[in-house]
Structures are given as C-alpha cells and as structure tokens.
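**Q** Now for the letters of each chain:
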Amino acid sequence: MGPVIGVLFDGFAYGMLLFLLSVGLSVTLGMMNFVNLAHCAFAMLGGYVTVTLINTYQWPFLATLPVAFLAAGAASVLFERVLYRRLYGASDLDQVLLTIGLAFVAVAVAAYVYGTVQQPVRVPAYLRGSVTVAGLTLGTYRLFLVTVALAVTLVLVLALEYTRFGAQVRAAVDNQRMARGLGINVGLVFAITFALGSGLAGLGGALAIEIVGLDPSFAFTYLIYVLIVVSVGGLGSIGGSFAAAALIGISDVAGKYYAPQLGAFLIYLVMIVLLMWRPVGLFGRR
Amino acid sequence: MSIVGAVTEPHAYLRSQTRWRPVELAFWLATLLPYVLFPDYLVLASAIAITALFALSLDLILGYAGIVSLGHAAFFGLGAYTAGLAAKHGWGEPISGLALGGLVAGIVGYGASLIVARFRHLALIMITLGMGLLLEQAANSASWLTGGADGLQGVKMWPIFDVFRFDLYGKTAYGYSLGVLFIVFLVARRLINSPFGLSLRGIRENALRMPALGAPSRAHIRKIYTIAAVIAGFAGALLAQTTETVSLEAFGFQRSADVLVILILGGTGRLYGGLVGAIIFMVARDQFSGNTPQFWYFWIGILLVAVVMFLPNGVLGGLARLGALLRGRAP
Amino acid sequence: MSAPALSTRGLDKRFGSLVVARDIEFSLPQGARYALIGPNGAGKTTLINLMTGMLRPDAGHILLGDDEITRLAPDQRVRRGLVRTFQINTLFPHLNPLEAVTLAVCERQGIARTWWRPITSYGAAVDEAYAILGSLMLSADCYRPTRELPYGRQRLLEIALALATRPKVLLLDEPAAGVPRDESRELFEVIAGLPGDITVLFIEHDMNFVFRFASRIIVMVGGGILLEGTPHEVAADPRVREVYLGARHG
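Protein chains in written order, with this note's numbering: chain A, 1 to 286; chain B, 287 to 617; chain C, 618 to 867.
Hints are computed from structural coordinates only; laboratory data are not their basis.
Wrong hints could be hidden among the right ones.
Stated by the list, open to error - Which residues of chain C face chain B? A partial, calculated answer using Cβ under 10 Å:
1) Val700
2) Leu708
3) Pro735
4) Tyr760
5) Arg802
To be verified - Using 25 Å as the maximum straight-line C-alpha spacing, the simulated SDA-like pairs for lysine to any residue come out as follows:
6) C:Lys785 / C:Gly677
7) C:Lys785 / C:Ala690
8) C:Lys785 / C:Pro646
9) A:Lys256 / B:Ser427
10) C:Lys785 / B:Leu534
11) B:Lys442 / B:Phe452
12) C:Lys785 / B:Pro497
13) A:Lys256 / B:Phe452
14) A:Lys256 / B:Leu534
15) A:Lys256 / B:Gly434
16) A:Lys256 / B:Ala435
17) B:Lys457 / B:Gly376
18) B:Lys442 / B:Ala312
19) B:Lys457 / B:Pro325
20) A:Lys256 / B:Asn426
21) C:Lys785 / C:Arg626
22) A:Lys256 / A:Val67
23) A:Lys256 / B:Gln423
24) A:Lys256 / B:Gln540
25) C:Lys785 / C:Glu745
26) A:Lys256 / B:Phe539
27) B:Lys457 / B:Tyr321
28) A:Lys256 / B:Asp436
29) A:Lys256 / B:Glu535
Note that CB positions come from ideal geometry on N, CA and C, so glycine has one too.
Can you make the complete structure from the sequences, with help from the hints?
**A** Below, the structure is given as structure tokens:
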C-alpha cells in the first residue's frame with residue numbers, strides 16, 4: 001500500500017509543478033488564441049534568476065521566489081508589447097514560428113551564460129528530508145510545492161471569481177467581441193494576464209529546479225508537458241488545467257515507476273487518445 | 287513578360303502557369319555542379335538533397351494544404367528505420383529498401399491522416415507533435431529492434447543496380463539522393479498542377495469555403511497527408527542507406543523543427559522553397575555551427591523572428607517581390 | 618404536383634438558452650423566387666446554416682426534393698444541389714477567379730481527386746468556368762488574384778462559385794451586402810437573370826428589390842416564421858409593418 005500512495009503523492013506534486021508552469025498559457029491561449037511556444041522560456045528565466053540569486057548573491061531560497069515571478073512577468077511584458085501583439089490576428093504558423101524562434105534564442109543565451117550543465121541549487125535545510133504523516137513518509141519539499149500550488153490555485157480562482165479584473169478576464173475568454181462591446185480594454189486585460197501567467201511560469205521554473213533540475217533544454221522539454229496539460233485541460237480553464245496537470249503528473253510518475261521501459265510513451269498515448277475523444281480538452285467548451 | 291490581360295485565352299493562361307521556366311532548368315543543371323566544383327563536399331550535398339526531399343514533403347501538406355505539423359519527422363524516422371532494418375537483416379538492395387521505407391511511412395501516414403484531417407489549429411499542432419514524440423519513444427523503448435539510444439548499427443547496403451557501390455566520398459550517395467529528389471519533384475510538380483493540387487490550394491486559402499463547393503476536404507487532406515508521409519519515408523530511407531546508420535535523432539523533435547525552419551526560410555507553397563531553404567540551411571550549418579551548436583540555434587531563432595516579422599513568404603517570396611518591383615509592378 | 622424543391626419541418630435550434638430557430642416550416646416550389654426578410658438577429662443566416670448543414674438542428678427535418686438530408690454533411694448537400702453564398706465574402710484570396718471557379722467545376726465533376734494529370738488536360742472544365750465568369754461579367758478580371766478585386770466584383774464571384782456547382786436550390790445570403798447602392802444594380806440584374814430552373818431563396822434588406830423580384834416572402838422574427846405570403850400580402854400585413862417596416866422606418 002505504501003508505494004502506491006507514495007507514487008500518487010509524488011505524481012500529484014509533480015502535477016502541481018506542471019500546473020504552475022501551464023496555467024498562464026492556458027488562460028492566454030483561451031483569451032487570444034495565441035500559440036506561445038516560448039512560454040517555458042519564461043519559466044526557465046525564473047529558474048535562472050533563482051540560481052543566480054542563491055549562488056552568486058547568497059539570497060535565501062524563499063526570497064528568490066518572488067523575484068523569479070517578477071522577472072519572468074516583466075520580461076514577458078516586454079516581448080508582448082514589442083513582438084507578440086503584432087501577431088494576434090496572424091496564422092497559427094506565424095505564431096508558432098515566432099515563438100519557437102524566441103525559445104531557440106532563449107536556449108542559446110542560457111547556454112552561453114550558464115553553460116549546458118545542470119545548475120546546482122541547495123534548498124534550505126527545513127525544506128529537505130521528509131516528514132511522516134499518519135504513517136506515510138512524504139518529501140518535505142514536495143509538500144511545500146503542493147502547498148504553494150494549492151495557495152496559488154485558491155488565489156487565482158478567488159480573484160477570477162470575485163474581482164473586477166477577474167470578471168473582465170472571464171468575459172474576454174468567453175467572447176472577445178462582446179467584451180470589447182462592453183467597453184473592456186481587452187488588449188490591456190490580455191497584457192496583464194499574460195504577465196501574470198508568465199510570472200507564474202517563472203515561479204514554477206524556480207520551484208522546479210529541486211525536482212527536475214535546470215539546464216538550457218528546459219524551455220523545450222517542459223514545453224511539451226505544458227502543451228499536453230493545456231490541450232488536455234482545455235483552453236482558458238483553470239480547473240481544467242489543474243485536473244489535467246494532476247492527471248498527467250500522476251500518470252507520468254506512475255508510468256516511470258511501474259513501467260520504466262515505456263518512458264514517456266504512456267503520456268503521449270494518453271494525450272492523443274484524450275484529444276481524439278475530446279478535441280477541445282476535458283474541460284473546454286469550444 | 288506578362289501575358290495577363292482581358293484578351294488572354296484561359297487555356298493559354300493555365301499552360302503558361304505550368305510551363306517549365308529557364309530558371310528551373312538552370313537550377314536542376316546546377317545541382318550537378320558539386321561533382322565538378324566541390325568534389326570534397328559530396329557527402330554534404332547528399333545530405334542537402336535528402337533534407338530538400340523532406341522539406342518538399344512538408345511543403346505539400348503545409349504550403350499547399352495549410353496543415354501545420356510539428357511532428358513530420360515521425361515519417362522520416364519510419365522510413366529510415368524500415369530501410370535500415372531491411373538492410374541490417376540481409377536485404378541491402380537500395381531501391382526496394384527505399385520503396386519499403388516509403389510504403390511503411392505511407393501506411394502509418396494514412397492511419398494518422400484519419401486523425402489529422404479532423405483537426406485544425408492548436409489541437410492539430412498538438413496531435414502532430416504528440417505523434418512524433420510517441421514514435422520517438424516507441425523507437426527508444428523497442429531497443430531490441432532499433433538499438434535504442436545507441437542507434438541502429440550494422441546496416442550494409444548493396445550496390446545500386448548492382449553497379450554503383452556506396453563510397454566514402456559520397457559520389458554514389460549524392461547521385462542516388464539527387465536522382466530520387468528529382469523524380470519525386472517531377473511527381474510533386476505534376477500533382478500541384480492537377481485538379482487535386484488546385485483543390486489543395488483551395489483548402490489552404492479557405493478551408494471553410496471548400497465544403498460549400500461540395501468538396502470533400504477531409505478526403506483531400508487524407509490523400510495529401512499520405513502522399514507526404516510516403517515522400518518523408520523516402521527521405522528517411524535515403525539517409526539510412528547513404529549513411530549506413532540510423533539514430534533516434536531521425537524521429538526527433540529537432541528534425542521536425544528544422545524542416546519547418548528550412549521550408550519557412552525558403553518559402554512555402556512554391557515547391558522550390560524547401561529546396562532553396564535546404565541548401566542555405568545546411569551549408570550555413572556546415573560552415574558556422576562547428577562545435578557549439580547552441581549558437582547555431584541562436585541565429586536560427588533570430589532568423590525565424592526576422593522572417594515572420596519582415597519576410598512573410600521566405601527567401602523566394604522576397605525575391606519574387608523584388609522582381610515584381612524591378613519590373614515596375616505592384617508587389 | 619411535384620415535390621417542393623426544398624422544405625423543412627419543425628426545425629429547432631438553440632444555443633444555451635437562446636432560441637435561434639423555432640419550429641421552422643416552409644417549402645420552396647421548383648423554380649420559385651422566395652425572399653427571406655426580418656430584422657437583424659431574426660435568425661435568417663442561422664436558418665441558412667441549418668439548411669446547408671453548417672449547424673446541426675436540435676429537432677426537425679430538412680428535405681431536398683423527396684430526400685431527407687437532415688443528417689448529411691455540408692459537402693454532401695452541395696453535391697446533391699443545395700448551395701449557398703455567404704453574407705461576408707468567403708473566397709480564396711490568392712487564387713484568381715478562373716482558378717477558383719475551375720476548382721468548383723472540377724469538384725462537381727469529380728475530377729478533383731486526380732493528381733496525375735495536369736489541369737490543362739481538362740479543357741472542358743476550364744471552358745465551363747470561363748463561360749460562367751463571362752456570364753457574370755468577370756472575364757476581364759479572371760486572372761487577377763481575388764484579394765485585389767474590387768468589393769463588388771468579389772460579390773459577383775461569390776455567386777459564380779455557387780453557380781459552378783450547378784445548384785438545384787440556391788440560397789443567397791445578402792448578395793448585395795456592403796455594395797454601394799449604385800453598384801448593386803449589376804448584382805440584382807445577375808440574380809434576376811438566373812436560370813428559371815434554379816430555385817432561389819435570398820436574404821435581402823433592399824425592399825425595392827425584394828418586392829420586385831420575389832414571388833413570395835417569408836418574414837422571420839426572433840427565430841420563428843411570422844408569416845409567409847405574396848409581396849402584396851406581406852406589405853399589407855400590420856404585424857409586418859410593426860415588427861419590421863415599422864422598426865426600420867419608424
């Protein structure tokens with residue numbers, strides 16, 4: 001019984017990491033239909049910010065997290081204003097090409113500055129080791145990760161449901177034309193959402209180092225997982241992203257634990273079957 | 287130069303659109319130049335011809351039918367492993383190995399087309415990406431068959447037509463790859479000038495209008511996707527046969543992304559785009575990438591951003607626009 | 618008496634709580650000229666989308682002649698002769714009119730599947746396309762890319778594409794939408810000159826044209842049919858004055 005629950009817990013923690021990485025992309029895709037394949041490059045930026053602050057400036061780990069969030073968000077605003085917004089009406093292909101190009105550049109720059117090696121990060125002692133809850137041994141860091149992700153989810157859901165800005169976001173995702181008609185500045189709402197989403201990805205990137213490591217290939221390796229989560233969860237749906245991330249995280253960890261020879265085969269199969277069954281994702285409406 | 291005008295007769299106009307132009311003949315004659323000018327680079331030339339064939343295959347679905355694929359290497363890899371396995375297990379005859387590679391890729395391509403034809407936009411990108419990753423993982427997992435991450439070793443080819451041995455300098459390899467590329471190009475050229483080719487352009491231009499004209503768009507997409515898969519399979523088989531090895535990289539996402547870059551660089555929907563793009567890309571990579579491939583992708587990234595922002599129809603599109611300007615016509 | 622060219626029975630469609638088609642029943646006799654009018658949002662285009670298969674009805678039946686077509690895909694309906702045009706130009710921007718209409722002719726003749734013979738070997742299809750373009754006064758523009766054509770020409774090309782499919786029933790969705798009044802005459806002449814064996818249903822806001830050209834008029838309001846009658850009856854009906862003419866001119 002023990003290993004099953006352990007695998008479930010590790011999978012769920014991994015899923016929560018995927019959720020942080022993907023929720024921003026899900027919402028911005030739902031709103032602008034913009035295929036941003038550079039999303040994980042912003043996550044990678046967050047990771048490298050944390051690495052630099054800890055290793056070069058000896059910041060405490062927890063203090064670096066808000067900076068990772070802000071740095072990724074700020075960088076995304078710059079790109080959104082200068083490049084992305086010119087392509088909102090453009091074809092999928094143009095969007096794919098532009099953002100793949102940016103991801104390539106990000107990978108190259110990261111490799112130039114930090115090299116292609118894995119970045120070592122030591123999390124503080126109180127996050128290492130494990131705790132025993134009701135006879136189960138759970139990794140402290142994973143517990144911390146799950147807590148952060150659940151807190152973020154709670155804040156997002158509440159903000160979306162109960163704030164004026166949240167209502168504007170929901171309107172823009174539902175029906176952009178009608179939202180414009182109601183006098184909502186969709187461009188501004190989108191820019192802010194985009195920055196928040198990229199910031200969360202940056203936070204995810206910082207939190208990911210302890211679990212999956214950090215090297216320049218991060219921008220593509222995790223992009224694939226993020227896209228799977230987004231397309232399975234359905235565009236523009238926080239609940240959908242959450243459920244899909246948990247599902248994919250658990251399947252991946254369970255797959256690697258029980259059938260290591262299959263590798264990631266299982267995940268891709270799950271995605272293709274799900275998409276064939278429901279092209280708009282599990283929770284998508286369009 | 288221009289024969290467009292109110293008095294032009296439609297048959298003459300359509301013939302003028304499909305006629306061989308001098309620049310095309312010059313291009314194909316120039317493909318023989320490496321034998322004379324760069325005999326030390328025939329191995330590279332062969333790799334370019336194979337890449338051009340792969341890009342031509344992508345052009346048929348992306349440039350002519352508007353299907354964005356991020357997993358086209360799936361069919362390249364299938365062709366490569368099929369031809370490689372056939373040769374490894376005692377059947378090293380190149381032409382039939384090539385045909386077998388195309389056949390296997392085509393069968394899987396037809397199966398995939400049943401899925402692909404139902405989607406567009408993000409779901410389509412994800413499905414094609416997912417299929418590519420799926421096959422890569424499958425090839426990795428089935429290491430008893432494919433050699434897994436070590437690649438497929440022990441591929442031994444027989445001479446082509448029992449006469450032309452594969453040599454270290456790539457003389458035979460280049461001739462073989464170029465010959466296959468040229469024949470497939472002729473077929474593709476015929477295809478795009480056919481009624482079917484016209485319908486494909488219709489799907490690219492306006493997928494919504496096609497059903498309203500009574501066009502079975504999904505059947506068209508299934509057909510071109512299968513044809514493109516066969517051609518990608520040929521390209522993969524050529525690589526396996528001319529290099530006498532196959533690695534997992536044949537299936538890789540990097541290969542799918544590279545071929546997209548090549549086609550975009552050359553220009554989509556004009557057959558020669560993939561060919562020109564392959565030459566520029568492969569020569570530049572050979573010259574500049576050296577032992578630091580990450581800088582190579584830095585420039586590829588910059589190039590992609592620049593093409594999307596400033597050169598929407600690729601190099602050939604830019605040249606066409608320049609030519610139109612010089613002739614005094616609006617672009 | 619022969620079967621009507623096109624008829625519907627009890628057609629319903631709703632989006633969530635919004636009813637866009639409610640119990641739609643009508644039938645178009647062979648060769649008829651019917652107009653479909655109603656205020657914006659009455660469900661006219663939705664009705665065309667239902668009949669051509671671009672939307673699935675929640676309930677009801679659609680018959681083309683004696684054949685039930687309710688479950689057929691849009692392209693299958695077109696091949697059986699039920700064809701539409703679009704209110705917003707739905708064309709092929711980088712194809713020229715000759716290529717676009719030839720495409721439609723090839724699809725109808727079933728030769729669009731062949732990929733090993735050049736299009737130039739199908740002279741008859743090209744001739745037919747050219748003749749259709751000529752009959753719509755588009756020959757002079759037929760080698761220019763569609764996106765470069767003046768808007769009014771593009772509206773004509775919409776009709777040319779539909780004619781190339783040899784329709785039995787033609788549904789015209791605001792054929793003159795967006796065309797300046799002085800240019801719309803050309804379009805109306807083309808519509809008035811359509812072969813008599815084609816059954817035509819058209820949506821139009823120009824009441825002069827509707828009253829001159831239609832033998833009968835169907836008035837829609839709020840997703841349902843308010844009434845159907847001759848132009849004379851419709852003009853005299855107080856309900857129509859109230860909901861439609863009244864809303865426009867009052």
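**Q** Determine for every hint whether it applies to the structure shown.
**A** The hints, checked one at a time:
Taken as an interface hint, Val700 of chain C checks out: its beta carbon lies about 7 Å from the nearest beta carbon of chain B, inside 10 Å. Here the hint on Leu708 of chain C is kept, as its CB sits about 7 Å from the closest CB of chain B, short of 10 Å. For Pro735 of chain C, the suggested interface contact is upheld, since its CB lies about 5 Å from the closest CB of chain B, less than 10 Å. A cut of 10 Å between beta carbons decides the hint on Tyr760 of chain C: the least distance to chain B is about 5 Å, and the hint holds.
A distance limit of 10 Å between C-beta atoms decides the matter here; for Arg802 of chain C the minimum to chain B is near 22 Å, and the interface restraint is violated. Annotation: proposed proximity of Lys785 of chain C to Gly677 of chain C holds, straight-line Cα distance about 22 Å (limit 25 Å). Proximity of Lys785 of chain C to Ala690 of chain C is assessed by CA-CA distance (about 17 Å); at most 25 Å being required, the pair is judged to hold. Between Lys785 of chain C and Pro646 of chain C, the direct Cα distance comes to roughly 11 Å. Compliance with the 25 Å bound is thereby established for this hinted pair.
Taking the CA atoms of Lys256 of chain A and Ser427 of chain B, the gap is about 12 Å. The hint holds against a cut of 25 Å. Proposed proximity of Lys785 of chain C and Leu534 of chain B is contradicted: the alpha carbons are some 56 Å apart, above 25 Å. A C-alpha spacing of about 10 Å is found between Lys442 of chain B and Phe452 of chain B, which places the hinted pair at or below 25 Å, so the restraint holds. A threshold of 25 Å between alpha carbons decides the hint, and for Lys785 of chain C with Pro497 of chain B the separation of about 17 Å falls inside it, so the pair holds.
Simply put, Lys256 of chain A and Phe452 of chain B have alpha-carbon atoms about 42 Å apart, too far for the 25 Å limit, and the pair is violated. A hinted pair counts as satisfied when its Cα atoms are at most 25 Å apart, and Lys256 of chain A with Leu534 of chain B qualifies at roughly 20 Å. Taking the CA atoms of Lys256 of chain A and Gly434 of chain B, the gap is about 17 Å. The hint holds against a cut of 25 Å. Distance restraint check for Lys256 of chain A and Ala435 of chain B: the Cα-Cα separation of roughly 17 Å lies within the 25 Å cut-off, and the hinted pair is therefore satisfied.
Distance check on the hinted pair: Lys457 of chain B and Gly376 of chain B sit about 24 Å apart at the alpha-carbon level, within 25 Å; holds. Taking the CA atoms of Lys442 of chain B and Ala312 of chain B, the gap is about 36 Å. The hint is violated against a cut of 25 Å. With a C-alpha separation of about 8 Å, the suggested pairing of Lys457 of chain B with Pro325 of chain B holds against the 25 Å cut-off. For the given pair, Lys256 of chain A sits about 14 Å from Asn426 of chain B by alpha-carbon distance, which is consistent with the 25 Å threshold.
Distance hint between Lys785 of chain C and Arg626 of chain C is fulfilled; the C-alpha atoms sit about 20 Å from each other, no more than 25 Å. Proposed proximity of Lys256 of chain A and Val67 of chain A is contradicted: the alpha carbons are some 33 Å apart, above 25 Å. Distance restraint check for Lys256 of chain A and Gln423 of chain B: the Cα-Cα separation of roughly 13 Å lies within the 25 Å cut-off, and the hinted pair is therefore satisfied. Between the alpha carbons of Lys256 of chain A and Gln540 of chain B the distance comes to roughly 24 Å, so the proposed pair stays at or under 25 Å and holds.
This hinted pair checks out: Lys785 of chain C and Glu745 of chain C have alpha carbons roughly 18 Å apart, not beyond 25 Å. Proximity of Lys256 of chain A to Phe539 of chain B is assessed by CA-CA distance (about 21 Å); at most 25 Å being required, the pair is judged to hold. A distance of roughly 8 Å separates the Cα atoms of Lys457 of chain B and Tyr321 of chain B; the hinted pair therefore holds under the 25 Å criterion. For the hint pairing Lys256 of chain A with Asp436 of chain B, the CA-to-CA distance comes to about 21 Å; that is within 25 Å, so the pair holds.
Distance restraint check for Lys256 of chain A and Glu535 of chain B: the Cα-Cα separation of roughly 22 Å lies within the 25 Å cut-off, and the hinted pair is therefore satisfied.
The structure does not agree with the numbered hints 5, 10, 13, 18, 22 stated previously, though it agrees with the rest.
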